[in-house]
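Position chains G, E, F and V with the ligands against the provided structure of chain R, taking the given hints into account.
Residue strings, one per chain:
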Amino acid sequence: MIQVEGLNVSFRTPGRAPLPVLSDVSFTLRPHRITGLVGESGSGKSVTALALMDLLPRNSAEVQIGVLRMGADEIDTATIGGRRGRELSMIFQEPMRSLNPAFTAGEQIVAVARRHLRLDRRAARAKAIEMLKLVGIPDPERNAGAYPHQLSGGMCQRVLIAIALVGRPRVLFADEPTTALDATTQAQVLSVLRELTERLGMTTMIATHDLGVVAELCDDVLVMYGGQIVERASVDELFRAPRHPYTKALLACSSVGQESLRGIPGSVPAPGHWPTGCRFAPRCSLASAGTCDIATVPLIDLPGDRSARCLRLDQTGETR
Amino acid sequence: MTALDARGGTESLLAAAPLVVATGIKKVFRRQGLAAGTFTAVDGVDLRIAPGETLGLVGESGSGKSTVGRMLVGMYRPDAGRVEFAGDDVSTLRGAALRRLHQSAAMVFQDPYSALDPRWSIERIVAEPLAIAGESRSNRRKQAAEALRLVGLDESHLQRRPADFSGGQRQRVAIARALVSRPRLIVCDESVSALDVSTQAQVLGLLKDLQDRLGVAYLFISHDLNAVRRISDRVAVMYLGRLVEEGPTEQVVTAPAHPYAAALVSAMPVPDPLAVRSRTRIVLAGSPPSAADPPSGCSFRTRCPLAMPICAERRPAWTELSGGRRVACHLYDRPDAPRTGQIGELMLAALSVQQPTAVKETR
Amino acid sequence: MSAVAILRRPGVRLAGRTLLIAPVLLVVTMFAFALSLLVPGDPAHAILGDAATPESVAAVRAELGLNQPVPERYVHWLGDVLSGDLGRSLFGGTPVLDSITARLPVTISLVGAAILLTIVVAVPLGMLAGYKKSRTADRIASLLVSVGQALPPFWVGLVLVAVVALGAGLLPPYGYVPASQGLGPYLQHLVLPALALAIPGTCELFLQTRTAAVEVFSEDYVRTARAAGLSTWSILTKWGAKNAMVPVVTVCGLQLDRLIGVAALVEAVFGMQGIGSLAVTAALNSDIPTIQGVVLVVGGFVLVVNLCVDLSYTYFNPRLRS
Amino acid sequence: ATGSSSVVKIGMTTEAGSNYDPVTNPNAFATGYLSPVFDTLLTRTDAGGFAPDLATSYAVAPSGKSVTLTLRSGVTFQDGAKLDAAAVVANLERARTAKKSVVKLELATVTAVKAVNPTTVEIDLSSGAGALLGSLTGRVGMMGSPAKLNDPSYANKPVGAGPWKVSDESVVGQRMVYTAYDGYWDKSVQKVKRIEISLVTAESMGNALLGGQIDIGSVEGRRDMIPQLEKAGFKEQDFPTIPYQHMLYLRKTGPLADVRVRQAISMAIDRDALNSQVLESACKPQAAVQALPEPQTGAAPKADLTAAKQLLTEAGYGQGIDLKLVVSSAGPGSKILQAMQGQLSKIGVRISINPMARAQLLSTYVGGSVDGYFTVNTGDADPASLVAQLSTTLSPGDFSDPVLNQLAARGANTVDAAARKAAYAEWNQRFTTTAFGIGICNLELPYMVRSGIDGLKVGSPLHIDPRGLQVH
Amino acid sequence: MTAVAVLPAGRTHNWSRFSGVILLGAIVALLLVAPAFAPYPPNQTALGPSLQGPSWSHLFGIDEVGRDLFSRTLSGVRTSLAAASLAVGVALVIGVPLGVLSGYLRGFADGLITRAVGVLQTMPGLILAMAIVGAMGRSLVNAMIAIGIVFVPRIYRVVRAGAMATSTQTYVEAARSMGSPRWRIMAGHVLPGILPAVLVQASVTMAVAVLSEASLSFVGLGVQPPSASLGTLIAESDDYLGRASHLAILPGVAMVFVVLLFTAFATQLRRLLEGER
Ligand SMILES: Nc1ncnc2c1ncn2[C@@H]1O[C@H](COP(=O)(O)OP(=O)(O)OP(=O)(O)O)[C@@H](O)[C@H]1O
Ligand SMILES: Nc1ncnc2c1ncn2[C@@H]1O[C@H](COP(=O)(O)OP(=O)(O)OP(=O)(O)O)[C@@H](O)[C@H]1O
Ligand SMILES: [Mg+2]
Ligand SMILES: [Mg+2]
Ligand code: NI
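Residue numbers (this note's numbering), protein chains in the order written: chain R, 1 to 320; chain G, 1001 to 1363; chain E, 2001 to 2322; chain F, 3001 to 3472; chain V, 4001 to 4277.
FYI, nobody ran anything at the bench for these hints, they're computed from the structure. A few of these clues could be false.
[Stated by the list, open to error] For lysine-lysine, the following DSBU-like pairs were computed, each having C-alpha atoms within a straight-line distance of at most 35 Å: (1) Lys2132(E) <-> Lys127(R); (2) Lys3100(F) <-> Lys3324(F); (3) Lys3082(F) <-> Lys3193(F); (4) Lys127(R) <-> Lys2242(E).
Next comes chain R alone, as it looks inside the complex (with noise of 0.2 Å):
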């Protein structure tokens, strides 16, 4: 389990106020459950992640980190980085991008069992071939000797899966794995990390801004709009009866019929652009002056272990 409050990033370019991409979010993740981030470009999704996985550049990145736990442990964000890849692992968009295009498959697998589990040469091969044989890699003892660009790109990502997960890490975030990927293809790794969560207890967080991805493959979902979380709901909770006015009409955008072609007006604001009050506000219908644009709205529980950032709660209703 993991436990995330009071996360706050802002960067800061040289002669300019500190720009704020996240406020205020708080989540908790569980164990041999998938949650989903879903959001719009530009949200904050994958600085989420970055953050909490302490790889956010230092120089430029200002994170404040209320609390975080790990199972029963408070954690102190100076230690994050001796954790990376033992405790926390990530996977990134692009799988071709994101392997080291000098070295072998097999290679990148081994440095990091190396590292993570004292292995010497030979043990760190054997448990390579182990680790691409348990991500569905055919052939493994061949295709350790590849490099990135002799494998397509649903081959790369599950070699970055093995990577991120040789060192039996607890906490997997899985940032847009599937975006660069055909559909096939896509379902391969959508499947395989589905399989790997339930079989070694991880707990996973996929970064996505496509809600079929989450229906498919999510337990817990979290909306973001914003810098900020708007929704949070178990998966089946949020498709039936979405409750935040964003959740509404994103999930209105993505369905079949004709209402899906009328989208939401105008787009998703820049930092540094939020209105005050809710953010979300000059795009919803449902939006009052005196109400919406005056304080920050909170995040307000519902039953059913959820909650949405909306003050015209009443107005969403319980069903779609």
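Chains G, E, F and V with the ligands alone, transformed into the frame defined by chain R:
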């Protein structure tokens, strides 16, 4: 509303002859360097698009979708077969006639950021097709302004530069540029893939709206079956340079006939957990073979769980199915051809027999 | 094994690439030969210089075959070159090959010392700067580096001689001592010229390494390595470094080319009898055979350097292997 | 003590290439590389007379048209061959007739060379022998081993009868190494075992001395370093009688064919200012030719701009003239010319300066595309050859002076030393007043010698003669 | 018709971005006209004081033949600038068309041109320039043409890379899909697209050209005396480093200044042009 609308009205979708007919078009590229050689990006594709209709073209990356689109608008010359545009053989067009083709067939591309020259004003960008055609300056300005209005931007944007616009707005500008010469066909090559879900919906809505008003036909290229499904009347499925199935969108999506189409449909993420749970998923093994060295016979056979010996020998011919559909698969040559919608079950059954280790849906 | 596969075997590729040099080398010989055609006036006069008399001019013309058509002369000349005869200096009559081989060790020592200095200083610092990306340190470094790049080596050499050698008397101001006469004096004599020669190149290589490192360290795969918990040290020295080396090696190769040219001036300043000062003297004297010899030798050398750089790419970048 | 293993390293500013054959190398400055290897038939005394060397005595026939040399016996060449009359005849015949010989002119009057007996050689001439004896002290008199003379390797590795032979360690064109020849006849001058002569630019000579690359060299380009060198234990040695004179040679065409124009130019040059400003006051201003048996030490004319201007106007060039001059791009010549440019422009003589490589200078000048040639005149083994050149080859153009030519012939033919001296004095007088060539000043080269080395001798044409050098 | 989101505020022209380029450009212009205002004629020799240090009447002092070093340096800088411009001009005239053709049209011509330029690049520039000057005869013009030829690869590579990058941009593809003729695309999209990079590279090359000119003149293969250039000024005075060091130091500093001027100009230009995107 305008003259454009009027023309759309005269050509009824049902009455008119097809706008574009491609027969057996083929494109061979030459590769340089160490891996020199030729490889066939598109291999004998037949298509027809009626005026005012939308044909979706789906397939994996590298399957040749863009190449087909380019051949339709005359950017590439087919190495075999022919493309007829409104009755004219495109490859024989020269001079003014070719220019007229370029006026009546336009393209909209994927990346809204690099599709507009950052140094040009919006007016110049939108009017570029007119400038190429040699229109007068005042005319260009008038028509550019009108095209901008059509896509929901206005004249005040004419002097801006692309940097001032968001991704969705840029895509609107790109569409305006495609519209400005009043084309009868627009090839949308992944035109919404780079956009956010909400913007994607906006742009799809705009395209649909424009079609309704102007009667323009679309070839809608995408690897995203969800997007295709929302806008296309018919859909064609490509695999490794060949068409494998074609038919009305809803029919193909709900009951695919070709094994590859079935896998594609099954892999399509559906934003509905209940629907997801009620369906079984076909997860193909392996990855697509290289187009430089395609398998013999049916190109899908290396990943097809239902492959038969004949698949390696002969390239399957088209089989016409009911409801204006057709499929290119040897299964349908046989007496025990699968029924509509049955193919998925057949594949799943075959998968569990052949590959007991294959990852199966566990939920 | 298919033909393509055979072509991809390392040995075969090496041979193939080496063969690819041949046409380039041929063009270099053409260029070298063409130099003799650029000479205004009568080459025989140039050869005889002060001692020119009409009959000796005629004799020399006949001897040089100046009455033959140009292609024939080229073939003849190329034949001589291939058999190792680069002709004789117009100024003193030394066989060009002899003066070049005699001077080669000097230039190789000088350029070698300079490039070594360059690499040893610039690459680690550049990698570090690319990794650290500290703003103030960057500003200072980039200021120093732009000044360093603007410093003409011959002038730096002069100043070094005046200050370090003549002023402080720390190092010898002049000359070259072969290593056979003692490693100490050999190195002592190399320090100042190599330093003068290395400064701009070091600055440039530092910049390039830093740029390459910044680029590499912002690549997705470095993030992957960090996410997987690999240490900064191994990223700096192994995972990132191997990728960053492609541009770095390119720049090293270019530097080496450039150093040979600039060495001419530094050799002149330090009175080192190397290829470069030979080129200067030859150019001043319009000593065409010597110029041609230098062009050929330097051209060949640079081609070999480029070949090595090219081959190293395939090590650093496996994508190039197929 | 005289170490038999002693080494002396000499710096030279002149490249000799790989040609160390006295007969075919056209470069007079190369003598420095030849002198360790070759003994000459005669040598010059400090007083200007002749002394024996390979020839123990010489006799001139009363007619002046025949010279008889008696050879030293027991002398062997460095390859072991004996020096006898036949060897001398072979050498002189080669110098006289070889296709590539550059000393042919000096032997133009020789009609025959005969071996009378193994130790006696007779040289017959068509005119007086005055110039021949001088020539025998120079390149013409350098005797090479007859067996090697026509060997292709001779130019690279000459074999003479001198005290040092060329070592295989030499890097031709860069650093010549000479080792003592054991069979040398006069051990008294062969006091060092090994001599190295390296090529060093004039500007770097001081650095090379300080850096320990060389022991002896002239720092004419860096006089400012003399104190520093002296502090480092070098001592300065000058050779005032060795000519080293900056001179401007003029074509005799166009305005320059007019004596008044040349005189005006000579008059307008402020030699004192040039000396103090550009040549660091080390030069003795002097318009006359220095390289003659009796140095002309008369004070140089003072610059007189009004007189010069007037002369020029009389000659019809009041509006001024344009002159194109060539000068070596190495050395101080270009700088001196630049300073002269300012002086001459005041009387309307506009000069343009074209620095070029030494090898091209003369042919450019003689070839006729320029009006003048600024260079250094270093004399020769005998004044005759220089004098002949100065009034003919080095003064090309439409005009030649019969008086000068006549005086030159008189000097070349006369055997009597005093009479020759008088003839050349007269020649020099005429040469200077007609401003046939314009002398600027005469420089003494400051040779710096590392402490512990002595016995430095410098001969004409300017070269270091290592005979008698000694290391303590 | 759906509404459109508020546009981001229009670009504000930030003059401070231009100020660097304008300032540096002004300095270059100033250096070009400065010799006209020099206190003394640059080649005017004078008898009398020589080898003097800086003073009010002679800012940089006086050289060995009595010339005012400040005037000479100004004139030398201009000569060097003119010479460097000639070289860069030659390189641009050859390099830009070749680069555009080969980067945009690709194919056989590209292979041929790239290979030819590669051979040119094979030779160290200074050696090549020395060889050409040695053969053609010493003169500043010959030297700079030689340098210009040597610089062709620098320009060519940038132009070709730029043309290649531009030609893969979707807007060029779009233009092709509209049936735009090649010349139109090259003139309308490709050339303007590479212009900034070419300007920057030309400015960097100017710096290198100034250094090259100085190098050739230093060894006597460039400017011929009495004309001054940065290289000859140093060459003339290197003997005086011990006694009248300013004679060698000041022109050297002037050269470093000029070179820095162009590199700084290039940097500013690059920043300005990249800031635009
Ligand atoms: N290193 C950085 N410096 C400055 N701003 C940054 C940086 N990284 C991200 N941002 C900004 O933070 C915001 C959130 O970015 P983030 O990458 O988390 O979005 P995302 O939800 O992952 O979007 P996408 O779907 O495009 O990946 C964006 O507006 C982005 O511009
Ligand atoms: N101009 C070209 N020259 C050489 N090969 C090309 C060219 N254009 C396309 N190809 C190749 O042809 C094949 C088909 O390309 P195409 O772009 O039509 O595929 P696609 O289906 O549009 O793929 P994607 O979804 O990635 O856009 C690919 O392998 C591609 O590399
Ligand atoms: Mg992201
Ligand atoms: Mg495509
Ligand atoms: Ni409207």
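Can the restraint linking Lys3100(F) and Lys3324(F) be considered satisfied, given a maximum Cα separation of 35 Å?
holds, 32 Å
Regarding the pair Lys3082(F) and Lys3193(F), is the alpha-carbon distance no greater than 35 Å?
holds, 23 Å
Holds or violated: Lys127(R) and Lys2242(E), Cα atoms, limit 35 Å.
holds, 24 Å
For the pair we were handed, Lys2132(E) and Lys127(R), check the Cα-Cα distance against 35 Å.
Holds: Lys2132(E) and Lys127(R) sit about 34 Å apart, inside 35 Å.
When each numbered hint is compared with the structure, no violation occurs for any of them.
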